[in-house]
Structure formats: C-alpha cells, structure tokens
Amino acid sequence: MSGRTLRARWLRFWFEPAPPTDLAVCRILFFTGVFASYLHFDAPGLADLPEAMWTPTWLFALLRLPLFAAPRLRLLEAVWRLALLTSAVGFATRASTAASFVLGFYLIGLPHNFGKVNHNDAIIVLLLAVMALSRSGDALSVDAAVARLRHRRSIASASAPSGEYTWPLRCAWLAIALVYFAAGVAKLRYGGTAWITSSHVATLFLRSQYELHPATAWGPWLARSSWLCHVLAAATVAVELFYPLALVSRRARALLVPGAIGIQIAIGLLVGPRFYDLLMCNLFWVPWTSCGKRIAQKEIRRMSRVASRRTRQLVCIVSISLAVFAAAACGDRTSTAAGSGAGGQISADEASALVDRYISAFNTRDRNTYISLFADGATVEDPLGSPPIGSASQLGAFFDATTSVPLHLELEKDSIRVSGTHVAFRFQLELGAGTSQVATKPVDVLDLDGDGKIVSLVAYWKPADLRPVQ
Numbered sequence: 000m001s002g003r004t005l006r007a008r009w010l011r012f013w014f015e016p017a018p019p020t021d022l023a024v025c026r027i028l029f030f031t032g033v034f035a036s037y038l039h040f041d042a043p044g045l046a047d048l049p050e051a052m053w054t055p056t057w058l059f060a061l062l063r064l065p066l067f068a069a070p071r072l073r074l075l076e077a078v079w080r081l082a083l084l085t086s087a088v089g090f091a092t093r094a095s096t097a098a099s100f101v102l103g104f105y106l107i108g109l110p111h112n113f114g115k116v117n118h119n120d121a122i123i124v125l126l127l128a129v130m131a132l133s134r135s136g137d138a139l140s141v142d143a144a145v146a147r148l149r150h151r152r153s154i155a156s157a158s159a160p161s162g163e164y165t166w167p168l169r170c171a172w173l174a175i176a177l178v179y180f181a182a183g184v185a186k187l188r189y190g191g192t193a194w195i196t197s198s199h200v201a202t203l204f205l206r207s208q209y210e211l212h213p214a215t216a217w218g219p220w221l222a223r224s225s226w227l228c229h230v231l232a233a234a235t236v237a238v239e240l241f242y243p244l245a246l247v248s249r250r251a252r253a254l255l256v257p258g259a260i261g262i263q264i265a266i267g268l269l270v271g272p273r274f275y276d277l278l279m280c281n282l283f284w285v286p287w288t289s290c291g292k293r294i295a296q297k298e299i300r301r302m303s304r305v306a307s308r309r310t311r312q313l314v315c316i317v318s319i320s321l322a323v324f325a326a327a328a329c330g331d332r333t334s335t336a337a338g339s340g341a342g343g344q345i346s347a348d349e350a351s352a353l354v355d356r357y358i359s360a361f362n363t364r365d366r367n368t369y370i371s372l373f374a375d376g377a378t379v380e381d382p383l384g385s386p387p388i389g390s391a392s393q394l395g396a397f398f399d400a401t402t403s404v405p406l407h408l409e410l411e412k413d414s415i416r417v418s419g420t421h422v423a424f425r426f427q428l429e430l431g432a433g434t435s436q437v438a439t440k441p442v443d444v445l446d447l448d449g450d451g452k453i454v455s456l457v458a459y460w461k462p463a464d465l466r467p468v469q
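Its first residue numbered 0, the sequence shown is counted upward by one per residue in numbering that gives the first Met the number 0.
No lab work stands behind these hints: they were computed from the structure.
With a Cα cut of at most 20 Å, we get these calculated SDA-like pairs of lysine to any residue: (1) Lys412 to Phe361; (2) Lys186 to Gly258; (3) Lys461 to Pro405; (4) Lys412 to Leu353; (5) Lys440 to Pro405; (6) Lys440 to Lys461; (7) Lys186 to Ser225; (8) Lys440 to Glu409; (9) Lys452 to Ala360; (10) Lys461 to Pro387.
Have a look at the derived ranges for each label pair, beta carbon to beta carbon: (11) Val247 to Leu62: 30 to 38 Å; (12) Trp13 to Arg93: 15 to 23 Å; (13) Phe113 to Val145: 37 to 45 Å.
For glycine and all other residues, C-beta sits at the position ideal for the given N, C-alpha and C.
Sequences and hints are given; from them, build the entire structure.
Okay, here's the thing in structure tokens:
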C-alpha cells in the first residue's frame with residue numbers, strides 16, 4: 000500500500016463527510032444519559048470527609064484544584080446539571096458543552112482524590128471534552144431551530160455533510176476501543192493465561208454473591224461448570240483484545256461491539272458492577288441516520304401496502320354499488336329523452352350556476368337538489384359504459400349508492416366549457432378517508448333542454464383511475 004493511499008484512508012476515516020444527524024442524536028442521548036447517571040451524585044457530601052483523606056491525583060495536583068466547601072460544591076453541581084440539560088436540547092450548545100466538560104472534569108474527578116482511583120468514568124470526561132470541541136448543535140437543537148427561524152445564510156452549509164460531524168464520533172470510537180483493549184491487555188499482563196485456564200472466573204462468581212450483590216444468583220450455578228467458566232473468560236479476553244478491529248472493519252464492528260455490550264450486561268448480572276457509563280458510550284457506534292431511514296422506509300412500505308389494500312377494497316365497493324344500482328335501473332328504465340333542447344344557447348353564468356349546484360348537491364348529500372337538476376326522462380351514464388339510468392327513483396338510488404362512502408367533489412378552476420346547450424367540466428373526485436382515501440379527475444358532459452335541465456349526463460372516468468391521495 001502506497002503512502003498516498005494510506006494517507007487517503009486515514010483522512011477518510013477521520014473526516015469523511017457525514018450528515019449532522021448522527022452526531023446530534025449522540026449529543027441528545029449522551030448528555031441525557033450523563034444527567035440521569037449522576038442525578039444522585041452527592042458532591043457536597045465529599046466536603047464532609049476528613050481533610051487527611053484528601054490525596055489529590057497528579058492532574059488535580061498539577062492544576063492545583065482544591066476541595067471546595069459544601070455550599071460551593073452544591074452550586075457547581077447545580078450548574079453542571081443545568082449545563083448537561085441545555086447541552087442535550089442544544090441550547091447555547093458550544094457554551095453548554097464546554098461548561099459540562101469543565102465542571103464534569105472537576106466533579107467527576109473529585110471522588111478519585113480520596114485514595115482510590117476508579118476506571119469506569121474517565122471515558123465520560125474524555126467524551127465530554129470531545130463534544131465540547133465538536134459542532135454537535137448544528138442539527139436537532141434549539142440553536143439550529145432559532146437559526147432557521149432567523150433565516151441565517153449559514154444554515155444550509157451547516158446542515159450539509161461535513162467531516163466536522165465525523166471526527167467526534169471517531170474519537171469516541173477510539174476512546175472506547177482503547178478502554179476495552181487496555182482491559183484485555185491488563186488481564187494477560189497481570190494474570191497471564193491463568194486468567195482463562197484457572198478457577199479465577201468461577202471464584203469471582205462465588206465471591207461476588209457475598210461482596211458485590213449482583214442482580215442475579217446465576218453465578219454460583221455457572222461456577223459449577225469449569226469448562227463454561229473457561230469459555231466465558233476466553234471470550235471476554237478475545238473480545239477485549241480484538242476490539243480495536245471495530246475501528247476499521249464493519250464486520251468486526253457488528254460482532255465485537257454487541258459482544259462487548261453483552262459482556263458488560265453479563266458482569267452486571269453475574270458479578271455486580273453495572274458499568275452503566277461504559278454501556279452508555281456505545282451509543283456512539285450506532286448509525287442513527289441509516290437506522291432512521293430504514294425504519295422510515297419500512298413504515299412507508301407498510302403504509303403503502305395498507306393503503307393499497309384499502310384502496311382496492313374501496314374501489315371494489317364503489318364499482319359493485321354502481322353496477323348493482325345501474326343494473327337495477329335497466330329493469331324499469333323509462334324511455335329516454337330524445338336529443339337535446341330546442342336549439343337554444345345557455346350562457347356561461349347559467350352553466351356555472353348549474354355546475355355549482357351539481358357539485359354542491361354531492362358535497363352536502365342533498366338528494367332532492369340532485370334529482371331536481373334533471374329533466375323527466377333524462378339519462379345518466381356515470382361512468383361511461385355503465386347501463387343508463389333516468390327515472391327519479393333510479394337517480395335517487397344512484398345518488399344514495401355514491402354518497403354511501405365518504406365523498407368530496409371540487410370543481411377544477413376555469414374548467415367549464417359551454418357550446419350551445421352542451422356543458423363540459425372537470426372536477427376532483429375524492430372517495431374514502433384517511434389512509435384509504437383515493438381520488439381521480441372525471442370529466443362530465445351535460446346536454447341541457449330549453450329550461451336548463453339536464454337531459455343527458457355522461458361521466459368520463461373509470462374506477463381503475465382512482466389513485467391513493469398523497
């Protein structure tokens with residue numbers, strides 16, 4: 000591999016353009032998780048410990064950080080929790096995340112200065128520093144919403160894919176990988192292969208029942224099987240040592256990250272320590288944007304299948320209703336009116352008024368108004384190709400069948416055309432409601448008599464034209 004190729008891969012790993020969503024979701028979940036994890040943290044209580052127990056770590060000593068009195072610690076703790084919440088919602092994100100890191104560094108670090116250094120919460124401080132330096136508030140934040148309302152020109156560029164949204168996640172990956180790798184190295188360095196082949200794990204399962212009070216009593220049962228304890232120990236060391244491969248291999252990531260999470264859960268169930276902080280950090284591995292798209296696509300496909308099924312059912316109901324009443328009309332059909340009216344001319348205003356009454360009759364379910372629009376012996380083919388109907392009883396039955404389902408007609412603007420006593424117009428026909436709503440745009444052609452009554456109506460549409468409303 001050439002130096003140029005290696006450099007390109009290195010830069011792509013750290014700065015490959017990515018949308019801001021993944022980092023924004025991690026910001027929301029991470030700061031919310033830290034807030035919840037330290038909700039019962041009692042920093043002021045440390046001030047009551049004897050002064051002789053205060054043994055500053057090298058970093059606290061280097062920075063000359065003191066142990067403040069209880070009132071001041073209580074104030075710092077309150078400000079820190081507020082900063083965590085404002086960081087989660089993305090309000091004044093840069094200032095909030097910076098305050099979360101500075102105060103978190105001090106408050107989380109305080110318990111380490113009394114003789115025992117814990118190793119589970121250092122990664123929280125590291126990730127707080129990463130988030131403080133990142134542009135995690137460019138999406139899904141109060142800051143982004145306010146900027147959008149103010150029509151800032153930088154919003155489009157701020158939400159565009161960028162390497163600024165990649166390197167913070169990669170830093171989190173690297174920190175997590177080093178934590179697990181260091182744990183695996185420490186096991187072999189100080190315990191050797193005996194950590195796997197000896198009875199160490201079985202003894203740990205038994206001892207923890209009396210010292211650490213794990214969530215279950217499964218440990219003693221597992222301790223009976225030496226080979227199972229050896230397998231669990233070997234799997235733990237293997238996952239920890241090979242964990243850095245998750246940085247460069249998607250296949251390894253799909254195996255090692257869930258494996259490490261499983262180990263942490265098993266430790267909580269069998270041994271005692273929960274390591275909630277480390278579990279929470281694994282959210283940085285999740286490709287939130289891709290997961291959201293997949294969920295949305297599945298939901299769209301599901302809704303499409305449901306809508307298509309309901310559409311077919313509705314079309315079937317409408318078609319059957321029209322066919323039944325049209326077929327019934329054939330049995331007692333009266334003679335049809337011959338020809339059009341006596342050679343008159345209907346005005347555009349008269350045609351518009353007639354069409355409005357026709358549309359309104361359907362929308363208001365006004366059966367009598369609909370029937371009154373037709374002359375005696377009129378014929379209706381709705382849609383074209385169905386058996387003609389014409390008597391008042393047939394028109395009423397047709398109207399009842401059509402309005403038996405949710406229905407709405409809306410005249411298309413400037414669609415009315417008049418020629419002599421002939422009127423044509425186009426309108427939007429919507430049937431059904433909700434996800435089962437369908438629509439089409441029929442064209443109705445009317446032939447009027449001298450009194451402006453309809454003597455012939457032909458509707459140009461067919462049930463197959465109905466499409467789901469977007």
